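Below are the chains, spelled out letter by letter.
There are 2 protein chains.
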Amino acid sequence: MSTQAQHPTVLIPGPIEFDDAVLQSMSTYGESHVGPAFVKIFGETLTMLRQLFQTKAAASQPFVLAGSGTLGWDFVASNLIERGENALVLHTGYFGDSLSACLQTYGANATQIKAPIGDRPSLEEISKALQEKEYKVLTVTHVDTSTGVLSDIKAITEVVRKVSPNTLVVVDGVCSVGCEEIAFDEWDLDVVLTAGQKAIGCPPGLSILMLSGRAMDRAKNRTTPPASYYASIQNWLPIMQNYEAGKPSYFATPATQLQLATKEENQANAMTAIRLPESLTPPDVLPKLFQKGLVFAGGLHKEIASKYIRFGHMGVSVTDPKRDDIDKAIAALKEVFAEVKK
Amino acid sequence: MSTQAQHPTVLIPGPIEFDDAVLQSMSTYGESHVGPAFVKIFGETLTMLRQLFQTKAAASQPFVLAGSGTLGWDFVASNLIERGENALVLHTGYFGDSLSACLQTYGANATQIKAPIGDRPSLEEISKALQEKEYKVLTVTHVDTSTGVLSDIKAITEVVRKVSPNTLVVVDGVCSVGCEEIAFDEWDLDVVLTAGQKAIGCPPGLSILMLSGRAMDRAKNRTTPPASYYASIQNWLPIMQNYEAGKPSYFATPATQLQLATKEENQANAMTAIRLPESLTPPDVLPKLFQKGLVFAGGLHKEIASKYIRFGHMGVSVTDPKRDDIDKAIAALKEVFAEVKK
Chain A
1 MSTQAQHPTV LIPGPIEFDD AVLQSMSTYG ESHVGPAFVK IFGETLTMLR QLFQTKAAAS
61 QPFVLAGSGT LGWDFVASNL IERGENALVL HTGYFGDSLS ACLQTYGANA TQIKAPIGDR
121 PSLEEISKAL QEKEYKVLTV THVDTSTGVL SDIKAITEVV RKVSPNTLVV VDGVCSVGCE
181 EIAFDEWDLD VVLTAGQKAI GCPPGLSILM LSGRAMDRAK NRTTPPASYY ASIQNWLPIM
241 QNYEAGKPSY FATPATQLQL ATKEENQANA MTAIRLPESL TPPDVLPKLF QKGLVFAGGL
301 HKEIASKYIR FGHMGVSVTD PKRDDIDKAI AALKEVFAEV KK
Chain B
1 MSTQAQHPTV LIPGPIEFDD AVLQSMSTYG ESHVGPAFVK IFGETLTMLR QLFQTKAAAS
61 QPFVLAGSGT LGWDFVASNL IERGENALVL HTGYFGDSLS ACLQTYGANA TQIKAPIGDR
121 PSLEEISKAL QEKEYKVLTV THVDTSTGVL SDIKAITEVV RKVSPNTLVV VDGVCSVGCE
181 EIAFDEWDLD VVLTAGQKAI GCPPGLSILM LSGRAMDRAK NRTTPPASYY ASIQNWLPIM
241 QNYEAGKPSY FATPATQLQL ATKEENQANA MTAIRLPESL TPPDVLPKLF QKGLVFAGGL
301 HKEIASKYIR FGHMGVSVTD PKRDDIDKAI AALKEVFAEV KK
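Sequences listed follow chains A and B, in order.
Numbering of the first sequence is given in UniProt numbering, commencing with residue 1 and proceeding in unit increments.
Numbering of the second sequence is given in UniProt numbering, commencing with residue 1 and proceeding in unit increments.
These are computed hints drawn from the structure, not numbers from a lab.
Keep in mind that the hints are not guaranteed to be accurate.
No copy is singled out in the list; a pair is fine if it fits within one copy or between any two copies.
As the list claims (entries may be wrong) - The list that follows gives simulated cross-link-like pairs (lysine-lysine, DSS-like), each with its CA atoms no further than 30 Å apart:
#	residue 1	residue 2
1	K40	K307
2	K247	K328
3	K247	K302
4	K334	K162
5	K322	K154
Nothing here was measured: the structure is a model prediction, and the numbers come from that model.
Let's have the full structure, built from the sequences with the hints guiding it.
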């Protein structure tokens, strides 16, 4: 029995509400991280990720590391680009700035194409930028939870393949994997990174990535060693290959209980940034929504943080027909807006 | 209700057996990582770590990150030493080699003092090395789980303070915090790093550190930026300070469910490396022990891996009087050794 009864419904863009089965799996007894039971779970999870990301290419390589989604950025920045090389960052909100900072930490030159808030860089701008210099990677935030902007990954990748075919396309799918369409092979993507606590429906603490053969080759053919130890592909690749082949292996201890939860994954739909009426700020409405038992998130993008709230609608909150989280949320939003207008 | 009934008893040097309360806490309903309930838990956990590490100095700074214990090495190597500076690594087994590799990834020159297997570097050797050149950090593995060797942290630190007072003393306490004495202030330590899944008694997935004021100053006064993004003190310090002060804050999503488990922590005693009789190797005894419902670990240190097994005795397996894990383990070891000798 989980202790789920009677709690405010969490409707933020992750962490989200948990399925009972997910919580139950987390309370499984202690297991060795190199014992046959866990090796099987870990191996199967890696194989299932191929399905989740829609890739059948044998060269595609899944990774699951103990860490936040942010660790996936270090993984990209320390393995797939070298000091002094160029990265093109498509900026659709908060996460463009922080991803640039991460790339620069490991020595890359990050150039951002910044769209006006609530918008996204145009395909023409992207094409023009790619013609100007050689970019080793292009990064794009699939769903920027600070603005609710959805990027068109398929169209962007088509532009990259036409103008600069060797540029790696890196998709930050933290808030999109499991709730937005991502066709890894068909769209010819190189990296999609995500985390367990969004539409996958697990607690936070797992960094999850899929890399293409092209990305794996880039990592393999570096002229300098990986710039991170904990996030090094060189250190993790044999571990992932061994576990998927059913063999135990050790580099750093995996987050065993969280990985049990991943086996129970759900898939659902994303998040919405809700613009408030001119006279209102998040503190006017969030406490009232909380009184009705609902946890929404405040604004995250600093230039507009006081003007909107964020509503995550993922996982069991939308997929479990026995729950009425979304109906309650919409009703509560209506009531609260009616109340504050008085 | 946890699903603990009927499972092989895990007696490896981490992950270990879980207390029901720990598992129960992991199955708590979804919560926002910036909501008041979680902020309180996270803040209290940081304050409790001061007690666990025995530090009352206001300048001491605890950190809890989503990641394996190994991430703590990146934290040290990317924040407390700069490219081209020297680190002295006391080698008592497997973890000395890998910690050196981590330091070198971020540009430090790592010099190891290697003891014969099963032994530790002498205080004289350490003193002599510290006189030869300027070492910015000295690292020591408190309990090396590949050999079972226990280092004398107090005595080593006294040597450092006498010969090279500004050298930071970094203790890898992954398998010692919670089961071996560590007096952070009294011994004048600079960094003790650990993980949740050893004597603290939680599932794996949390990297836990305590830094001294001296270590924090070193990080603050770097001439180059931190060499990691995800493990950057600069990125995490405001988060830890805010949570401990009861204020939500965001850099990367914390592992909420694992942190709930940390609040339930246990403390106990370490691990033993058991040398096998000449004619036996781990595959001769581990399957037989498993048939009796007990999971021991194989050898880890590559030069002696075939000659010993590892027995973790931590957490509820030793502290819960209702459990007889250790009695069962000792009886099973006796039976199996008697059996294989026939």
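Right, here's what the structure says about each hint:
Proximity of K40 to K307 under the C-alpha cut-off of 30 Å is restricted to the inter-copy arrangement: shortest distance 27 Å between copies versus 48 Å within a copy. Only between protomers do K247 and K328 lie at most 30 Å apart by alpha-carbon distance; the minimum there is 28 Å, versus 47 Å within a single protomer. For a Cα distance limit of 30 Å, the shortest separation of K247 from K302 across copies, 18 Å, qualifies, whereas the shortest one inside one copy, 47 Å, does not. Neither within a single protomer nor between protomers do K334 and K162 lie at most 30 Å apart by alpha-carbon distance, with minima of 47 Å and 69 Å respectively.
Taking CA atoms no more than 30 Å apart as the test, K322 paired with K154 passes in neither setting, with 35 Å inside one copy and 59 Å between copies.
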